[in-house]
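Student: Chains as they are written, first to last, in the working numbering: chain C, 22 to 396; chain X, 22 to 396; chain S, 22 to 396.
Just so you know, these hints were derived from the structure itself, not from any lab.
Watch out, some of these pointers could steer you wrong.
Just so you know, same-sequence chains aren't split out, so a pair can sit in one copy or run between any two.
As the list claims (entries may be wrong) - Derived lysine-lysine pairs resembling BS3-like cross-links, with alpha carbons at most 27 Å apart:
hint, residue 1, residue 2
1, K210, K354
2, K50, K63
3, K68, K50
4, K210, K63
5, K159, K50
6, K269, K68
7, K264, K156
8, K68, K156
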Amino acid sequence: MAIQIKPRIAAFRKPSDISSEDAKSMPQKYFVASEIFAEEQKSIFFKEWLLVGHQSQIANAGDYVVQRVNGESLIIIRDKRGNVHGFFNVCRHRGSRLIETDNGNCAAIQCPYHAWTYGLDGQLIGAPHMDDVPKFEKADYPLQSANVGVWEGFIFANLDKNPMPLERWLTPLAGKFSHWNMPILQPAKRIEYDVRANWKLMFENYSECYHCPGVHPQLQKISPYDSAENDLREGPFLGGFMKINAGKSLTMSGNACAAFVGKIENLQQVFYYSIFPNMLLSLHPEYVMVHQLWPQSPERTLIICDWLFHPDAFNRNDFKPEDAIEFWDMTNKQDWHVCELSQQGIASRAYEPGPFSSRESIPAAWDREYLGHLK
Amino acid sequence: MAIQIKPRIAAFRKPSDISSEDAKSMPQKYFVASEIFAEEQKSIFFKEWLLVGHQSQIANAGDYVVQRVNGESLIIIRDKRGNVHGFFNVCRHRGSRLIETDNGNCAAIQCPYHAWTYGLDGQLIGAPHMDDVPKFEKADYPLQSANVGVWEGFIFANLDKNPMPLERWLTPLAGKFSHWNMPILQPAKRIEYDVRANWKLMFENYSECYHCPGVHPQLQKISPYDSAENDLREGPFLGGFMKINAGKSLTMSGNACAAFVGKIENLQQVFYYSIFPNMLLSLHPEYVMVHQLWPQSPERTLIICDWLFHPDAFNRNDFKPEDAIEFWDMTNKQDWHVCELSQQGIASRAYEPGPFSSRESIPAAWDREYLGHLK
Amino acid sequence: MAIQIKPRIAAFRKPSDISSEDAKSMPQKYFVASEIFAEEQKSIFFKEWLLVGHQSQIANAGDYVVQRVNGESLIIIRDKRGNVHGFFNVCRHRGSRLIETDNGNCAAIQCPYHAWTYGLDGQLIGAPHMDDVPKFEKADYPLQSANVGVWEGFIFANLDKNPMPLERWLTPLAGKFSHWNMPILQPAKRIEYDVRANWKLMFENYSECYHCPGVHPQLQKISPYDSAENDLREGPFLGGFMKINAGKSLTMSGNACAAFVGKIENLQQVFYYSIFPNMLLSLHPEYVMVHQLWPQSPERTLIICDWLFHPDAFNRNDFKPEDAIEFWDMTNKQDWHVCELSQQGIASRAYEPGPFSSRESIPAAWDREYLGHLK
C-alpha cells in the first residue's frame, strides 16, 4: 500500500481506470436511511481522522477555534509550549459549554456559569467553594480531551479512544504535496455551505469531470473535462490532475491571482484529491482550496471551504484572492446544486442503481472504499 | 352500482340521507396516528386514481407539468402523437432529478447532471461515454413510467402497477357531467393552500353545509344552507346540489362573471361532488372549480385549487374571473380555518367521537367509504 | 412534614444545607431522553397541581383565559356564581376548538364550526338539527372538565382524574405568605420566554446563587450572592431568602418602584421559593414575580413570567413597574442563557455528572425530590 507516485510523474489511464463491468451507483438506502447514517457515524466519523482546520488559525499560545465535530463541540487550542490540544467544550462541574465564540485567544478557559477555570493544557486550576466538599481534588477534573494531530499544516481530530497514529494513516501521501508548502500557507477566506444532499454525493461529484461540460461551462473553458488523469485509483486517497489551458488560471478573469504557493514544476495542472472521509484537497499553482464535509443527516451536509495562499502573496500588488474565491464559489454552488438534484431523485421509489460510464472509475473506487469501512 | 341519476333529475332527501342512529365522527387515531397515515398512503394513495391536472395544461407535443404525487415527482408530458405519459422525474444513470421547473415545453428530456437524454416517450436516446461500457444498451434504460389516464379532460395518475382502468373506475359518473363541457375548459387561475389539518377533515367539511350559516355568511346569502339535496349518497362518489338564489351567482358581486360553460338546464343550481380519494368537483353555471388534496402528514394537507372557464368566455367583455376566484378563495379559507380548529381539538385527550346531525349524512357516508378502503 | 417556619423566622444554614459527599448533577439521560420526558409528563405533569394563572385574570362572570397545559388547551372560566372552571377546549360534536383567543369574556361558549353552544358551567345548551337524531340528549354532552383550584389567589390545574386536594398538597405552606397579600394582587406585565433547555435546568438554576457573581453582575451589586439562607431544605417546596442592601431594591434604578404589597416586616429581604413542579415564586417588598415553566420537549421550555403589584400601587405617583420588570427581564435572560449553555454541554458524549459545591444544596434537594416522583 506504499503508493508514492507524485503528481509530476505523468499518470495515464489504465484498464483499472475503466469501471468494472457491473459498477453501478449505490442503492437508495445509502443515501436516505437513518440506520446507515448512524452506522457511518459510528464506523467512520467516530473512528477515522477528520480534517478540522489549519494550524495557521491558531498560531499563538491561547489561540483557539471551536469546531463542531459529529455533533460535538471541540475546542482546538494551542498551549504555551506550542502543543495543539483538542478538548470537549463541556465543563466538568455541571456540564455547561465553556466557550461560545468560534475563535479567539484566552489565557485560561473559564466557565461562564460558575467560573470553574482550566489551564490551556486542560487542567482544572480554579473551582470556587469546592474546598469544603470532602474528597474533592482538582486533579480529578481535567477537561475531557480528544485526539488531535497535524499533517502538512492541517489539523485533524479523531474521536476514537485509540486511533491509528495520524502519520501512519497518511503514509501513502508522505512527501506527495511538499511542493505546495502547505504548512506555511495562510487562509484568505472561508465559506460555509448548507447542502441538502448526502455527503457521499459530494465525494462522487468531486471524483469525476464527466459532469463538467453541462454543469461547469466556465471551468470547462479553462480546464478541459477530458484531460483528467488519475494517479491514486484505489483506497482512501483518490484523485489525480487536469490540465489548465496555456496561460490560464482557475479564476474569474482567467489570470493568475497570486504568487505561486511553491516551486511548482508544472504550472498548467490542477490536482484534485479526496482524503477519506471528510477532506477534499484542490491544489492550484497559486492557491490551495480545501473542503471539510460534515454530514448532518442522511439528506444534509455542512461544507466548509477554505482558500489558502503563500504568506508572501498577501503583500504583493498582484494579490487578488477574490478572483479565485469567486470562481470556485460559483463552481462549488454548481456542484452542490446537482448533488441536491441527485438526492431528490435517489429518494424516489423509482430510483435504481445506474451504470457508471468510463469516466466514473474514481467514484466507483470511492464507493468501494466507503463500503469497506461499513461492514 | 350503476348510479346514473344526472344532476337535472331532481334529487330529494330519503330516509338513508339521515345519518344512522349511531353515526359519529371517527376516533382520534384516524386524524393523528402516523401508522394510519402510512396505511392510507399504501392502501389508498398508492392504489387509487388521483387527480393531477387538466389536459389544457399540456395542449401541445412536449408540453409538460411536474406534479408531486405522494412524495414522488411525476413528469406529465404529451408526446408527438398526442399521447399523455407519466414519468418518474429520476434519471436512470445516477438518479438525478431531470426537470426542475413546474411546467414548460421541451423537445427531449435531458438530465442536467451528465446530459443523458430521453425522448418524449421516455426512451433513452443519448448517453455520453457509455459506448465503451460492456453490455450497456440504451434500450435497457427508459424512464420509469406511471399510469395516467384522462377523464372528462382531467388527468389522473395511479402509482399501482396494475390498477383498474380509469374509465371503469368512473363508470358510475359516465355522462353525468357532459353539460359542463369539461374537456374543453381552460384554466384561469390556480391557488395552493397549505392546510394544517388531516385531509379527511376537508372531505367531511365539503360534504355538509350544516356549518355554512356560521362559517360562510357571504355564501349563505346567495345559496341557502338548507337547500342541499344529494343524489350520490353512498360509495366513492358523493354529493348533490344546492340552490342559487334567483338572479344570483357565486361571486363577490353576486353577478355572473363569465359566459356559461355549456348548455346548463338549471342555471340556479351549484353541484358539489367528492371523487374519492383526492378530488372535489364544484360545478357552477359559468365555471368549474376543482380541488386536488395531497396529504403531507397526519396533520397537514396541500390543496391545489383550479378555476376553469369556457374557452369562448375569455375574450368577452363580461369575463371577470376574479369575481368568482376571490369569492371562493375567501370561502376556501373559511373552510380550511375550521378544519384546522377541528384538527387541534381532535388531537386532544378530551376528544371523543361525537354524534352527526341529520344534516351530516354525506360526511358519514364518506367515512364509511374511507374505512372500507383501509380494511 | 408540617414545615411551618415563616420567612420572618430567621433561617440559618445547617449541616444538611451542605450537599452530601456524593451529590452530583444528574446523568445526561434526564436532560435529553424522550423516554424520560414522556415519563415526566405522565408521572409529574399529568399528576401534580400546575400553576396556570392568577384569579385577577378572570375577575368577572364570563371572563376566561385559554392556557396550554401539557399540550392541551384549557379554558379557565368564571361562571355566574363566581366559581372557576377548567374545560378542555374541544367541542363534543366533531371536536373543534371552541375558543381561539387567549382571553376574553363571553356569555356562553359557542363552537365556531357548527354553533353548538355551552353554558359557563359547561352544559350543552344549544345544538342545531340534533332534535331529529334518535336518543340524542343534550345532557349527555357537557364539556369535558379538568380539576382546578385556587391557592393564595393563584389558579392551579390538575389533569389527573382524582388528585389530592390542592389545599392538602400545599399544607406545608399554609399561612407562610400571608404578608404579601397575594390573593388581591394585580398583574402589571407578562413576558413569555422560549428557552432551549430542559425545564429542570431552570429549577436548578433558580435554586442557587453560586452562579450570581459571574452571571448577574447587576443583581450581585444589590443582593450579595453569599447572603442566601434557606428555610425549606427538603421536599417539593424549597427555598429561602437573600439580603437586599440597605436602601436598595431589585430594580434597574436600585430604588423601590411601588407601594409595598403588604405589611412586610423585613423590607431588606427577597424570598425565593420553588413550588414543585412548575412554579417559581419570588417575593419582593413591593412586588411578587411568578414563573410558570412548561416543558415542550427534553430540550425546550416555555416560561411565562408575571409581575404582580398591590392594587393601590397602580394609582400612586411612585408606581414604576417597568423599573422592576426590566431588571428581572435582564436577569431572567442571563439565567436562561446559562441554562441553554448547560443543555448544550450536557448533551455531549463527554458530559459526566459533576460534583455540587457547598453552595448547591438546594439544587441537590430539588433533584432528590424530582427523582422521587419518577420512581
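Student: For every hint, state whether the structure bears it out.
Tutor: Do the hints match the structure? See the list:
With identical chains, the CA atoms of K210 and K354 are at most 27 Å apart within one copy only, with a shortest distance of 16 Å there and 35 Å across copies. For a Cα distance limit of 27 Å, the shortest separation of K50 from K63 qualifies both inside one copy, at 17 Å, and across copies, at 20 Å. In this assembly of identical chains, K68 and K50 lie within 27 Å of each other by CA distance both inside one copy and across copies; the values are 22 Å within and 24 Å between. In the homo-oligomer, the alpha carbons of K210 and K63 never lie at most 27 Å apart, since the shortest distance is 32 Å inside one protomer and 50 Å across protomers.
For the homomeric pair K159 and K50, the shortest alpha-carbon distance between copies (26 Å) is at most 27 Å, but the shortest distance inside one copy (48 Å) is not. In the homo-oligomer, the alpha carbons of K269 and K68 never lie at most 27 Å apart, since the shortest distance is 41 Å inside one protomer and 58 Å across protomers. Taking the shortest alpha-carbon separations for K264 and K156, neither the intra-copy value of 67 Å nor the inter-copy value of 32 Å comes in at or below 27 Å. Taking the shortest Cα distances, K68 and K156 never come within 27 Å of each other, neither inside one copy (36 Å) nor across copies (39 Å).
Going through the hint list in order, the structure does not satisfy hints 4, 6, 7, 8.
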